[in-house]
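Undergrad: Single-letter residue listing:
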Amino acid sequence: MKLKFKSLFVFMFVFALVLSACAPSAVEETADPADDAEMPAACEEDPLGCGVVPAGETIKIGMGAPMLGDYSMFGIDISQAVSLSLAEDDGFEGWSYELVAEDTGGTPEGGAAVANKLVTDPTVVAIAGHIFSGSTDAAMPIYEKAGLPMMSPSATNPDLTTKGSTVFNRLAFTDADQGKAAADLLFNELGFSKIGVMHDGGTYGQGLADVVKDEFEALGGEVVAYEAVTTGEADYVAPLSAVAAAGPEAVYFGGYAAESIVMMNQWAQAGLSGVQLFGADGTYGVEFTQKTGANGEGAIAASLVPPDSDEKTAFDAIYAENFPTAAGELSAFTWSSFDTGNVLIEAIESVAFVDNGTLYVPRSALVEAVRQMDTTGLTGAIVCDEIGECNASGPTFYQVVDGAWVPLDLASE
Amino acid sequence: MKTALKKGLSSGVVFGIVFIFLLLIGLINVGSMMVGDLLGNTKGLAYNDPLPTSNLLAVLAIMGLLAGISARKGEDESKWWVSFLGGLTAGLVSGILAWLAIWVTETMSIDGVNFQTYLPNMDPNDLNYLRFYSTPVAAANTYLVYFVVFSLIGSALKWLFSINGWFAKCWQVCREGVSTWKESKNLKGVLENRWVMLVAFLIVAVVLYFLPLAWGSYWNYIMGTVAIYVLLGLGLNIIVGYSGQLVLGYVAFFAVGAYTFALLTAPEPHGIGLNLWLAVGAAVLTSTATGFLIGLPILNLRGDYLAIVTLGFGEIIRILIRSDILTVLTNGPKGVTNVGQPTLNGEVFSDVNYMHLLLLLVLIGLFIAKRLKDSRTGRAWIAIREDETVAQATGVNTYRYKILALLLGAAFAGLAGAMFASRNQFTGPEDFTMMVSINVLCIVIVGGMGSLPGVVLGAFVLKGLPELLRELEDYRLLVFGALLVVMMIVRPEGLWPAARVKFKKPSGKQAKDLATEVEQ
Amino acid sequence: MINKLRNLKLTPGLILRLLVGLVVLIYLGWRIYQTAFGEGIYGPDTWMRFLITGLVVGGMYALIAIGYTLVYGILFMINFAHGEVMMLGTFAGYFALEAFSAIPAPSAADQGLSFLNANPVIALLLTFIAGAGVSALMGYLLERIAYRPLRGAPRLVPLISAIGASIFLQNAAQLLFGPQRRQYQNPDLLWRGTGWMIPVGGKEVMLTYTGLFSFVLSILLMVALFILVKKTKLGKSMRAVAENKQAAALMGIDVDSVISKTFIISGILAGAAGVMWGIHNGLFNHYVGFLPGIKAFTAAVLGGIGNIPGAMMGGMLLGLLESLGPALLGLDFQLKDVIAFTILILVLIFKPSGLLGEALSEEKV
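Residue numbers (numbering that gives the first Met the number 0), protein chains in the order written: chain A, 0 to 412; chain B, 0 to 519; chain C, 0 to 364.
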C-alpha cells in the first residue's frame with residue numbers, strides 16, 4: 000500500500016509541478032475575459048460573449064490557409080491580399096488590425112486544428128477563411144460554437160452554405176455554378192460527348208467532380224471514366240492510363256494545381272495525347288504554367304478575375320509595390336481576398352465599442368453584421384443572402400496559350 | 000600540445016560549419032531576436048528603427064564560448080598555455096570560416112545577387128542586419144574578432160573549472176549530502192506516514208483542479224494535447240517498454256478508437272448519436288479488438304520485422320479510412336465533423352471541463368500502468384523483454400502475455416482517440432499519419448523506456464515544450480530531430496529512467512530461516 | 000522435402016495459416032482472372048503502360064532497398080535516415096542541372112545553347128556524380144555522427160537516433176531550400192514526357208526516354224554492386240564483417256573502415272536513385288525521400304533483409320505490385336500502398352525471413 004501511494008504521489012507531484020511551472024507565464028499572456036469583473040452590459044447580454052482587445056493589442060482577424068508546402072501559393076497570395084487590406088485601413092479608435100494566418104496544410108485536419116487554436120485567443124474577432132473547402136468544412140462547427148464569423152474568399156463547395164451555419168459566409172462563387180458552367184462549356188461550346196472525370200477525394204475536388212458528372216450526363220453526354228487520385232504523389236500514370244483506356248475526348252479534374260501539374264506532365268505517357276484537360280479554379284495560377292511548360296499548352300481552368308475598373312488597376316499597382324508577385328498570378332483569389340478584408344473591417348467597425356480603454360466586439364452582433372453585409376468591392380456588389388452567399392458573379396474560364404493564362408476564346412477552338 | 004591543436008582544429012571546423020548552416024537557415028537572426036527578448040533589448044517602436052545589433056554580438060559571443068569550451072573538452076593536461084592554444088586555434092579556424100562566409104554572402108548581396116530563389120531564408124533585410132548595417136569587410140572582421148576572443152575566454156573558463164577540480168568536488172559534496180538526507184530515518188518516516196501521504200495527495204488534487212481554471216483556454220488546449228499524448232505514451236509503454244515489442248504502427252489503434260467514437264456520435268455520416276460514455280466504451284472495445292486482430296499474425300515475428308509490419312498496418316488503416324471504397328463508412332478524406340461532446344449540467348464541456356476529464360483519465364491511467372508493472376503480468380513482460388527464449392524456457396506463456404500487452408496498449412490508444420476526436424470536434428485520416436506513431440515512440444524512449452514518470456516528462460518535452468518556444472516555431476522539428484540524436488548519444492536510458500527492482504537481501508534472522516527452509 | 004512434410008506438426012496455428020493462405024490465393028487468382036481476361040477493360044497497351052511504370056519505379060526502389068539491406072546486414076539497424084540521404088542526392092542533382100543550364104556552352108559553335116544542352120552526356124554524368132557524391136558524404140557523416148557512438152547499445156537506441164537524424168535532415172532541407180516543390184531542368188535530349196512510341200495491340204505506348212534511362216542505369220548499378228560484393232576484396236570484407244564482427248576484426252579487417260565504406264556505397268546508390276527520381280518525375284521537395292524510403296525498406300524486408308539479391312528482387316517486385324496490383328485486382332489506384340503492405344504482411348506470415356531468406360547467421364537475434 001505504501002509503495003503504491005508513494006509512487007502515485009511522486010507522479011502527480013511531478014505532473015503538477017511541471018504544469019504549474021508553465022502556468023505563470025501563460026496567465027500573464029492571455030487575458031481571460033471570464034475573469035474580467037467589469038464586463039460592459041452589452042457583453043453580458045450577448046449570448047456568445049465579446050471579443051476583448053485591451054489597449055496596446057491589435058484587433059486580430061484569423062485565417063486558416065495552406066501557408067507551407069504544395070498548396071502554399073493559395074495561402075501566400077490570399078494572406079498577402081488580406082493583410083494589404085488591413086494595412087491600408089486606418090484602424091478603429093486607435094486600435095489597428097492584424098492578420099493571424101495559420102497553416103492548415105490544405106487539409107481538413109489542419110483546418111480543425113487551426114480553428115481550435117484561434118478560438119482560444121480573445122483578440123481574434125473574425126475569420127477571413129478558411130481558404131480550402133475541406134478545411135472550412137471542418138472548422139465551421141468550431142467557429143459556430145465560439146461565435147466567430149467567417150468570410151471566405153475562396154471556399155467554393157456548395158454544401159458549405161446548406162448546413163445551416165450562421166457564421167459562414169463567402170465571396171467566392173459556388174461549385175454548383177462552376178460545375179454547371181464547366182459541363183455546359185464542355186458539352187455545348189467545345190462539343191465533347193465523352194469525358195473522363197477525375198478528382199482528388201477532397202471536399203472541394205470530389206464535390207466539383209460530382210457536379211460536373213451529373214450536369215454533363217443531364218445534358219446528354221457520357222462520362223466514360225471516373226477515377227480518384229491520392230494527393231501528394233509523384234506518379235499518376237496508372238490512374239491516368241486507366242482513364243485513357245476508356246477513350247475520353249476530354250478529362251475534367253476537380254482538384255488543385257499540385258496534382259494537375261503532375262498529371263499534365265504525364266499526359267502523353269498515359270496515352271492521353273490530344274485529350275483536353277479541363278481544370279477548376281484550383282488549377283489556375285502561374286505555378287501551373289511554370290511547372291508544365293510546353294506540356295500545359297491548351298489546358299483550361301476557371302478563375303475569379305473581376306472585370307477591369309479603376310479600383311482594380313489601383314489595387315494591382317499597390318499589390319505589385321508591396322509583394323514580389325502580381326495580383327492574380329499565384330491564385331485567382333487575390334481580389335476577392337482584398338474585398339474579404341475590407342468587408343470584415345466594415346462589419347467590425349459597425350458593432351465594436353470602447354469601454355474604459357478596452358475595445359469590445361459583441362460576437363453575435365458581429366455575426367449578424369457580417370451576414371447582413373451590403374457593400375461593393377473590387378469583385379462587384381457584395382450582398383449576403385440568408386445562407387451566406389455574398390457574391391453574384393460566376394467563374395470565368397481561362398486557357399494556357401503560349402505559356403500564359405488568357406481568357407478562353409471559343410472562336411479559336 | 001599536438002592534441003590540443005588537433006582538438007582546437009576539429010572544434011573550430013565543426014563550429015565554423017555549424018555557423019554557416021545556421022546562417023543559411025536564418026537561425027542567427029532568430030537567435031538574436033530571442034536574446035533581445037530575453038534581455039529586453041528590442042527594437043524601437045517605429046517601423047524603420049534598426050534592430051539592435053548588440054543582440055547579434057551576444058549570439059556570436061555565445062558561439063565563441065562554446066567553441067572554446069568544446070576545444071578544451073577531455074583535455075587533461077593542466078599546462079595553462081595548452082588550453083589557450085586550443086582555444087585560439089578553435090577561435091581562429093571558426094572565425095576564419097565565419098569571416099569567409101560573411102564576406103562572400105554580404106558582398107554578393109550588395110552586388111544584387113538574389114539568394115532567395117534557392118535559399119528562401121536569406122532575406123536581404125536579414126543580411127543587412129547580419130553585417131551590422133555596414134560594409135562586408137568590417138562586419139566579417141567583427142565576426143572573426145568575436146570568435147577568437149570568446150573562444151579564448153571559453154577555453155580559459157573550462158580550464159579554470161577543471162584545474163582545481165573544486166567545482167567537481169562541490170558537486171560531489173552536494174550529491175552526497177542529498178543521498179544521506181534521502182537515506183536518513185527521519186525523512187523515511189515522514190514519507191511513509193499514511194497521513195502525510197494523504198495530505199500531499201489532497202494538495203496535489205486541489206492544485207490540479209484549479210490549474211485549468213487559472214491559465215486560460217490556450218494552455219488548456221496545449222496541455223490537453225499533452226495529456227492525450229501521455230495516455231498514448233502509457234499504452235505504447237506497455238507494449239514497447241514493458242514487453243519489448245517494437246510496434247511502429249501504434250497510430251492504427253488511435254485511429255480506430257477516434258473514428259469509432261466519431262462515427263458513433265456525429266450526425267454526419269450515420270447520425271447514430273449514441274450516448275457519449277457508451278461511445279467511449281465502444282471506442283476502447285474496437286481498438287482492443289483491432290489490437291487482437293493485428294497481434295495474432297505477428298506473434299512469431301522478430302524485432303525489426305515486427306516493426307515494419309506494424310508500420311504497414313498503421314498505414315493500411317489510414318489509407319483504408321481515406322479511400323473511396325470505405326467512404327460510405329468513414330466519410331473518406333473529408334473527415335467527420337461535429338463529433339459528440341460530453342455535457343455537464345446541460346452545458347457542453349468547456350475546455351476547463353475537458354482538462355479536468357483528461358487529468359482524471361491520466362491519473363487513472365498512471366495508476367493502472369503502475370499496478371500492471373508491479374504485478375505478475377508485469378514481471379512476465381519484463382522477462383519476455385529481456386530474453387524471450389529464456390522466458391519461454393522458464394514457463395512463461397509468451398504468446399499470451401504478448402497479446403495481452405498489445406490489447407492493453409490498444410485500449411489506452413482507443414481511449415485517447417475518443418478523447419482526441421471529442422475535444423477537436425473533428426477527425427480525419429490525416430490526423431493519423433506515421434509521424435504520430437513515431438512521436439509516441441520518441442516520447443516513450445526519450446522519457447525512459449518502461450518508466451512512468453518518464454512518459455509524462457517525455458510528453459511534456461516533446462509536445463508541451465515546443466509551444467513555449469513560439470519564436471522557434473519554424474525550427475521546431477529541426478531542433479526535435481537534433482535533440483533525439485543528441486539524447487540517444489548522451490543519455491540513451493531516457494530523461495527519467497525506470498528504476499530496476501532491487502532484490503533486497505534478507506536481514507540476519509530471515510536469512511537463517513530461509514536457509515533452514517531450503518535445507519529441508 | 001518429403002522429410003520436411005513428414006515432420007511437420009499440425010498445430011492449430013499452422014492449419015489456420017494454411018487455410019488463410021489458401022483463401023487468399025484463391026481470391027487473388029479469381030480476381031486476376033476476371034480483370035485480365037474476363038472483363039477486358041484494359042487493353043494490352045494499358046497493361047504495357049502499367050508494366051513500364053512498374054519496372055522504372057521498381058528499379059529506383061531496388062537501388063534504395065540495397066542501401067537498407069547493406070546497412071542492416073552489417074549493423075542490424077534500420078537506417079531510417081536513408082530516404083533523406085536519397086533526398087539530398089536529388090537536391091544535389093537539381094543544383095547541378097540548374098548550374099549547367101545557366102552556364103553557356105564553351106565552344107563557339109553552339110551559340111545560345113547552355114552547357115547542359117550542348118554536352119548533355121557530360122552534364123548528366125557530372126550531375127550523377129554530384130548527386131551520388133553528396134549522398135555518399137551524407138551517409139558517411141550520418142554513420143560517424145549519429146550511429147558510431149551507439150555501436151553497442153540496445154536495438155531501439157540507434158533506431159531513435161536514426162529517426163532523429165531523418166527528421167533533422169528533412170527539416171534542414173526545408174529550411175535551407177524552402178518547402179515549395181522544385182522542378183528538374185532536364186536536358187532537351189532527355190525531356191520528360193518524350194519517348195519512343197511502341198506499337199502494342201494496335202495502339203501506341205510511349206516508352207519515355209527518362210524511364211528507359213533510369214531503368215537501364217538501375218540495372219547497371221545493381222550489377223556493379225553485385226560484382227563488388229562477390230568479387231572484390233572490399234566485398235569480401237563486407238561479407239565477413241556482416242557475418243561476425245569480432246572474427247573479422249581478429250582476421251585483421253578494419254571493421255570501422257568497412258562500415259564507413261558500406262555507408263558510402265549505400266549512399267552512392269541512393270544518390271543515383273535520387274537523381275533518377277528527379278529526372279524521371281521532375282517535381283520534388285524536401286519530403287521526396289520519405290515515402291520511397293519506407294517503401295524501399297518494405298521491399299528489402301520483402302526480399303529478405305540482409306540479402307542483396309533479395310533487396311533487388313524485392314524492389315522490382317514492389318514497383319510492379321504498386322503499378323499492376325490495383326489494376327489486376329480491380330481495386331482503386333488509391334489502394335496501391337495497401338496492396339503493397341498487405342503482400343508484405345502475407346509474405347512475412349508464411350515466410351518470416353522474407354522471400355529469398357536472410358543471409359545472416361543465427362546468433363543475430
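Be aware that one or more of the hints could be misleading.
In silico DSSO-like pairs for lysine-lysine, Cα to Cα no more than 30 angstroms straight-line [what the hints assert, rightly or not]:
| # | chain 1 | residue 1 | chain 2 | residue 2 |
| --- | --- | --- | --- | --- |
| 1 | C | K229 | C | K260 |
| 2 | A | K162 | A | K144 |
| 3 | A | K179 | A | K144 |
| 4 | B | K5 | C | K202 |
| 5 | C | K229 | B | K1 |
| 6 | A | K179 | A | K212 |
| 7 | C | K202 | C | K230 |
| 8 | C | K244 | C | K350 |
| 9 | A | K193 | C | K202 |
| 10 | C | K202 | A | K212 |
| 11 | C | K244 | C | K232 |
| 12 | A | K193 | A | K179 |
Hints are computed from structural coordinates only; laboratory data are not their basis. Note that the structure is predicted; figures quoted are calculated from it, not measured.
Undergrad: Against the structure, test the hints numbered earlier, and report the numbers of the ones violated in rising order.
TA: Of the numbered hints given earlier, those the structure breaks are 3, 4, 5 and 7, listed in rising order.
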